[in-house]
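Chain by chain, the residues:
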Amino acid sequence: MEIGLNHYLVLSTILFSIGLIGVMRRKNLLMLFFATEILLNSVNISFAAISHYNGDLTGQMFAFFVIAIAASEVAVGLGLLILWHKRHNNIDLDSMSTMRG
Amino acid sequence: MLEPVNISLESLNLMTLAPMLVPIVGALLILIIDFFKSEQDRSLYVMLSLLILGIDFIFLIESAEIFTENGTIMGVFDVMLIDGLAILSQFIIVGASMLFIPLALSQKRFHEFSYPEFFALFLFMIGGFQFMVATDNLILIFVGLETASLALYTLIAMHNRDKSFEAAVKYFTMGALAAGFFSFGSMVFYALTGSIEINQIAQVLQANNYENIEFVLIGVVFMLASFGFKLSIVPFHTWAPDVYEGSSAAMAGYMSIVPKIAAFVVAMRLFEFLIQSGIIWLEVILYALVVITMTMANIWALVQTDVKRMLAYSSISHAGFVMAAILIGTTQANSALFLYWILFSFTNLGSFSMLWISRQKNLPAGQSSDHSYNKFAGMVKTAPIAASIMALFMLSLAGLPPFALFWGKMYMISSAVTADFIVLALIMALNSAIAAYYYLKLIVYMFMKEPMKGSDGNVSVTNATLSLKTIIGFAAVGTIFAFLILNTLLEFITAFVYGSGY
Amino acid sequence: MLDNILSILIFFPALAAILGFVVDKNSIRTYGVAVATIEFALSLLLWFFFDNSASGMQFMEHIALVPVFGINYIVGVDGISLFIIILAAFFTMIGIASLTDTKNVKNMIITLLFLQMTMVGVFASLDAIVFYVFWELSLVPMLYIIGAWGGPLRIYASVKFFLYTFAGSLVMLVGILVMAYLYYQTTGQWSFAILDWHRLVLPENYQLWLFVAFFFGFAIKVPMFPFHTWLPYAHGQAPTIGSVILAAILLKMGTYAFVRFSLPMFPDASVYFMFPIAILAIIMIIYTAMVAYAQKDIKQLVAYSSVSHMGVIILGTFALNIEGISGSIFLMIAHGVVSGALFFLVGVIYDRRNTKLMSEFGGLAHVMPRFATIFGIMIMASVGMPLTINFVGEFLSLLGFYQQSHILTIIAGIAIIVGAIYMLSAYKKMFFGKVTKEENKNLPDVNKRELIALVPLVIITIWLGIYPKPVLGPISNSVESLVSLMHEKAVTKEAKARIPNPSTLIIRTTAQEAY
Amino acid sequence: MEMFLYIALFAPLVGSMFAALFSAKPKTLIAGIIPSALLFVSFIASSILLVYVLQTGSSIHVEMMTWMATGELYIPFGFVVDQVSVTMMMVVTLVSTVVHVYAIGYMSHDKSFNRFFAWLSAFVFSMMILVMSDNFAGLFIGWEGVGLCSWGLIGFWYHKESATWAANEAFIMNRIADLGMLIGIFLIYWNTGTLQYDEAFAAMPALETDVLTWMGIFLFIGAMGKSAQFPLHTWLADAMEGPTPVSALIHAATMVTAGVYLIVRASPLYDLIPNVGLFIASLGAFVALFAASMALVNRDMKRIIAYSTLSQLGYMFAAAGLGAYWVALFHLMAHAFFKALLFLGAGNVMHAMKDELDPFKMGGLKKVMKGTFIMMTVASVALAGIFPLAGFFSKDLILEVAFIDNHYIIYSVLLFTAALTAFYSFRLVALIFHGEERYKLFGIDPHEAYKFMLVAMSPLLLLAVIAGVFKMTYFEMVTQVLPATEYHIDSPIVYWIITIGTQLLVGAAIFYAYKKYTSRDIKVPDGTSAMEKSFGYKLLSNQYYIPYIYEEFVAKPYGKISAFFWSEIDQKIIDASVDGIAKAFYNTGENTREMHSGNLSTMLKWMVAGTVGMLSLAVVFGLAARHSDGVASILSAIGVK
Amino acid sequence: MFEAIAFYLFSFLTISMFYITVTTSQALYALTALAAGMIFISAFFFILGADFLGAVQIMVYSGAVMALYAFGMMFFDTTREVKEKQGNRFVIVGLSLVAAVLIVVIFAAPIVTDNITALYPITEGVGNTQDIGMVLFTKYLVPFEVAAVMLLVAMISGIILAGKKMDLSLTLMDEDEIKEMKKEEENKKVLL
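Chains as they are written, first to last, in this note's numbering: chain A, 1 to 101; chain B, 1 to 502; chain C, 1 to 515; chain D, 1 to 641; chain E, 1 to 192.
Pulled out of the complex, with its shape left as it was, chain A reads as follows (with noise of 0.2 Å):
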């Protein structure tokens, strides 16, 4: 059985879509980070996978930067999350809805 570029794509599909319930449905900002990064990765499988099919290298460079943007968002994300931590005592996003409308 021939795993072809496709078999890559649904599995990246598959992932991207358990990170888009994760995101939907997690109300801990923590984890819902977690499925952020979910996301991200997903993708990179996918050009990596495109990148080896065809022979080029530049799906490779995509995912490299993409590893390192989740690698920053990471640090902004946590940073962000500490502060609201330290106000707050929790990181629940539902106590986070004093602007509405």
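It is possible that part of the hints are untrue.
To be verified - Below, in silico cross-link-like pairs of lysine-lysine (DSS-like), each with a Cα-Cα straight-line distance of 25 Å or less:
{"id": "1", "chain 1": "E", "residue 1": "Lys179", "chain 2": "B", "residue 2": "Lys108"}
{"id": "2", "chain 1": "B", "residue 1": "Lys108", "chain 2": "E", "residue 2": "Lys165"}
{"id": "3", "chain 1": "D", "residue 1": "Lys27", "chain 2": "C", "residue 2": "Lys441"}
{"id": "4", "chain 1": "C", "residue 1": "Lys437", "chain 2": "D", "residue 2": "Lys111"}
{"id": "5", "chain 1": "C", "residue 1": "Lys437", "chain 2": "D", "residue 2": "Lys160"}
{"id": "6", "chain 1": "C", "residue 1": "Lys441", "chain 2": "D", "residue 2": "Lys25"}
{"id": "7", "chain 1": "D", "residue 1": "Lys111", "chain 2": "C", "residue 2": "Lys429"}
{"id": "8", "chain 1": "D", "residue 1": "Lys556", "chain 2": "C", "residue 2": "Lys434"}
{"id": "9", "chain 1": "D", "residue 1": "Lys367", "chain 2": "D", "residue 2": "Lys572"}
{"id": "10", "chain 1": "D", "residue 1": "Lys27", "chain 2": "C", "residue 2": "Lys296"}
{"id": "11", "chain 1": "C", "residue 1": "Lys296", "chain 2": "D", "residue 2": "Lys572"}
Keep in mind that the hints were calculated from the coordinates and are not lab data.
With chain A's structure known, arrange chains B, C, D and E on it following the hints.
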């Protein structure tokens, strides 16, 4: 073994990097100054930033001249793309930033402006946006975008109060999701074309005659979602009012202009060729998005009780309006986009600055938000000039001639008409009427109501300083006399947009 | 000086308004009167140097504004616009002179001067965009006047006024842009100059759509049934000066625009829509007259009567012949004078009693005979008594439309009956009978300041009613060329037939001596 | 001669404006004398013009200035003095001079004395314009002008509700007719291209009969209003609320005859359309009978005279309709004299009786008011048409016309009406001047009017007696412009039978009236007698219930419909839908703002939902791409390229 | 064959790990599962011959990111079970399923693409890292540098946000309070 690569320095066109490098170097400079001599007054950083942006502006003028002579230039392994769009949008980005930065010198001290990091991050952000617009490489767009966004999240949070944290977290989280969408979208395009440069993508897709239209569309969907977030297109707009409310008024005004023009340029690069190639689905979807964004945002703005939130929704609506340019896709429409945005910058920054000068540290009793309508009641009696200027901005935003935004609106609607989007043109026009209601509401409060009891009359200008007033005066003059420079502006923009092939 | 007189007329009040910020509160009225008088004198100068025999535009000025996009500052007057400009200057002058509101009088006068700029601008501009600029800009001062000095519902009324007209104008803006695009398609260059557009012959289906687009903007301004409901509120709530200017000048923008834009640009569409519009106009005439009869508030009554008369103007305009169009333009001026005066008169009594309910009055003829006389004259003018200014306009309008449709004119003619009904019954309620209310027994008669405003209006009403020629002549000349333009431009057979060809008419200057 | 023309025309205007100067001031005698004097000047000028016209047989035509000129339309202020208009001028100036002088006495106690003369002279001026104009538009000016003055004079005592009501009624009713007139004018303009009498009439024979018929009908509608013909007649009786000199001048002698004048003026038109003429004649005959019947039972002195005026107008229309224009005009003139006299006499009585109008409350006044008694009796005799007074020559001529033209129905109606006329006239005279002195019951102390008032009335008395003498002179003069049909019954026997028969009939009616109403049994009716309860009496005394019908089925519904239009349609439908649009937007905003719950999770869900939505559309499009043709057509319909 | 087995195995593993991450109510489980998932993903990179990427993945995620999260979790109270109020599950599941199904359905069809030319072809016989280095420092030099700036921004942001500078809010303090605070700081410095 790999062959060594020989590259001549000339072929790199390193000059293309100059405008972007200026703010980055400037940011580093500020960091270094802070490192050696901390506890400096904010005015130092404000002026320093202004100077750096000034230099940036000069570089931009330089590259504009080069563009008029040589046309589009690729640089540094063809990653940099300095075309008319890049230059125009950078003008807007840098110009708006220059208008914004003096707002830091407010009467009262606010957290963010007291720290040099703010200015460093601010300059980094500008650098990020400049990179984002000056390339057609999705990687660089992505990285530039994230650089800017991360800095922006921090800038918002640095206002340092609960609402701003909340705003930053919301913006950040949704931004992360949008980043996921962006990378997914890029992946689809990459899978289809083996390239992540928009020109290449366009060429390959055209060569293939859009065989895999479903795949293209999926890519487009994710890109739209991602840029929809940045441009606050309904239903990806939900962050906008909260973030605007949470951040300082000055910052909110800034956010309504600069990130969006950057996103518009990328959206233009990305979607224009698709529109041109006649993908009806994209037209329909953009049509729907444009109409929904304009109309719904207007409708939501109607029911707001806080001026800043109202302006937030109004900004969303304006973004939707301008989004129509991408749908229409003619040279006139794209020129209209830039024209509109330049005029919008003046007016919107002006109106947010008016909010900024009325900012109090502690909310008086009976007010639940910083800039509730009530606060402005009877302003014409206590501060007639301020009230008149505010009214001027509101009328301009409503699209009343001969103030700045009218010309943008007119040109945009004209471009819709010219491209046979008559119904769209009508919708765009009538939306101005809906919008007029909430702008008028503020005017009504200011001019036709009695001041609230117990207000000392000084509320509306409590945060004013000379530098703030200068900026507002500048914006006001720009708003009133826009028609005088319109011809020059239009010629300039059209030449640049046309020269870049859009 | 004469080369730029129109620009001076337009921008002098605005400049004066800006300088007015400096003038002390106590002297501002004198300042305002002085400025308005100068402006009026200038407008008379314009008339003096106006070539009565020429039919084309005069005093043209041309300054490039956005040449890339064909927007130019072009102004000029012909017989159609000349008198409305004079009227605007005149009403601003007597309005300021008779201003009785003491609250924030400085803001009021500055606003009025700005308003004057926009009014003159609308009637003088010959570039669609410049026209549109003034057209829209005129909303702002009026919004402020109604909203800041109005009655209890002033905010609702002012916002309604603004939004309604604004919405209509935006549709018109789209129309303007389409028109410019069509011009661009045909000639290859952008132009918003109305005179250029007049030369553009359009296919009928384009004309229809464009006509509709422009119609929305104009009809709401006029206001035509069923877009009229903002008007009673605006009038009912506005201060006297606001109502006066609104009725006398601002409403005329709509009807003027019909003559300036719709007719010459879309002759076939005008013919096509003639009957629907005439029917709307007739509904306006009769229906609003009946509604006026049901009013309890004298100001609302005058407001509705205003709508009713605007119906006659519309009817005259869409008669599409020289008699009708000249009549409608003359009626614009007449209606401006008469309804302006009526609003002044209502203001006089409102100042004294702070109520506008007719039931609060009665027998005023006993206590205020001079007031009753002037009111009576104006009411008679309003119902179209011959030898008053209104009659000339109404007669010509109806006469003109009679050529197009007998039945509709007969129905429209009911105007003279229903008009008499509501006006006379209102007059009876207010002035006749015994003085029943104690408060009314000692009301002072009109004072000097009020007479300053009213007497000139009475004089004009009668003078132009007896001798309309100085006004009607130039109007007639310009309308003649307008009609011949329409006739030439018309593409459909029906339009050619409906629009008379003036060159075949026998224009007489004296009665034949065959007697 | 032009100078006299202008003097005749503008002297009343000057008088009016002079009196108007004093209008706000208390009574000034001079404000009455000067206008009267000026009217006399006008009368003299008119007389000179009459003499000129009589002598030369030519007419004077002047064009003062342009009024309206646009397109093909050219309307000057042009005046013409020809045989017809000079007759009218004479009548108008004479009667009005008399009335003015009379009014100086009659109104002497009124605080609005000055205003009265301003209005009255203004009326004369309008009337002069009406009769002298050389075109239909000028006629219309006068037409509306007299309407206006009539409004001002009926409602002269504006503190009286009934007076102002009557004034408005008169104005509005006239307006209804004026619309017809206006349409007639439009028709004339668009068909003949001019409004000048001479040119228009010259062009008319070339027109189609249909058009001419419509012209005739519409012009006659105009005449119907001014001359209070059925069904627009109700205002005339109500107009008696005005001061009596007004009734004499406006509502008897001059204004109400303007309709007849119009028909006479437009004789070239009506000659072309005999069917319309017949209709006019029939309507006239009907109105003559109709009005006379109402006069039979009325208990208001002035109303009785008003109905008699109406009845006589019916005669004039009958004559004019039958083409006997000069006869109509002649009767108009004679009628003006004796009817004005009658009214002025009634005014004297009213003064004497402290404004009491019910003749049943008078009786036996001949003792205290000898002069008035004589004048009213003579006027009544003239009205009844007894030889040799004016009425005989004019009215009997009309009967003859009807007879000669073989319109026997009209003839018999008119004849019967003549009897009725005699009856009610002398019923009135008998009740007022003869019988018991019933007024004593009401504690009134009557007295004769001022001497000069009686003197002022005397020219009318004279003319009422001798007007018939001028018949042939008049005929010769006027037939230079009007159709000169002489009406002679061929067989002298028939002629004498008719003439004497008529006289006998009338005499019998007079006798019967005297007999019935001079008896001592006459009481003030209290609504209990059998006659008063009878249907016929009620019908007549309620004026055939026509005012009631107008009130119930026109005026009230009009008010209700107006109120309905305002409160239901204007406010609840039109305005509510405008506000509804605004509210719909606002409510949409209120209802959907929950989308911004401020909850991050919701926001994220919206983002995902938006994306998924677009994805679904993408798939749909994938399907649609296969059926692209159909889709494209739908899309192009909404404006997508 | 080996590739297929490896693909399915790791697919199963990553999917289940990520599934645990998004569904578990224990933050610690989630973190662990995420880390595991990341490492399994790197396996795909190795399978696909992207050795450098695999290494970076492990280093950055398992090293840096996870360490950061771990620190963060120490900061928060992670021992207790995370209670999450769920709104309408139907919406969540529905949306995700629709999204997944739509994309999967489309992707299940093979992508037919011509005209794809590898712009930066993988050079045979050269190590992946070397290959990448070559491209990274020529073509992607600018993005690389911008990424460096981005990391710098992230670093500064992290420091600012989590550091002491945000402890006192000048935004919320009155001007007088700020002045007092500044004075105190001055005094402290003098004392030091």
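Results for each hint:
no. : hint                   : in the structure
1   : E/Lys179 with B/Lys108 : holds (12 Å)
2   : B/Lys108 with E/Lys165 : holds (18 Å)
3   : D/Lys27 with C/Lys441  : holds (22 Å)
4   : C/Lys437 with D/Lys111 : holds (22 Å)
5   : C/Lys437 with D/Lys160 : holds (16 Å)
6   : C/Lys441 with D/Lys25  : holds (18 Å)
7   : D/Lys111 with C/Lys429 : holds (22 Å)
8   : D/Lys556 with C/Lys434 : holds (24 Å)
9   : D/Lys367 with D/Lys572 : violated (68 Å)
10  : D/Lys27 with C/Lys296  : violated (36 Å)
11  : C/Lys296 with D/Lys572 : holds (17 Å)
Checked against the numbered hints given earlier, this structure breaks hints 9 and 10; the rest are met.
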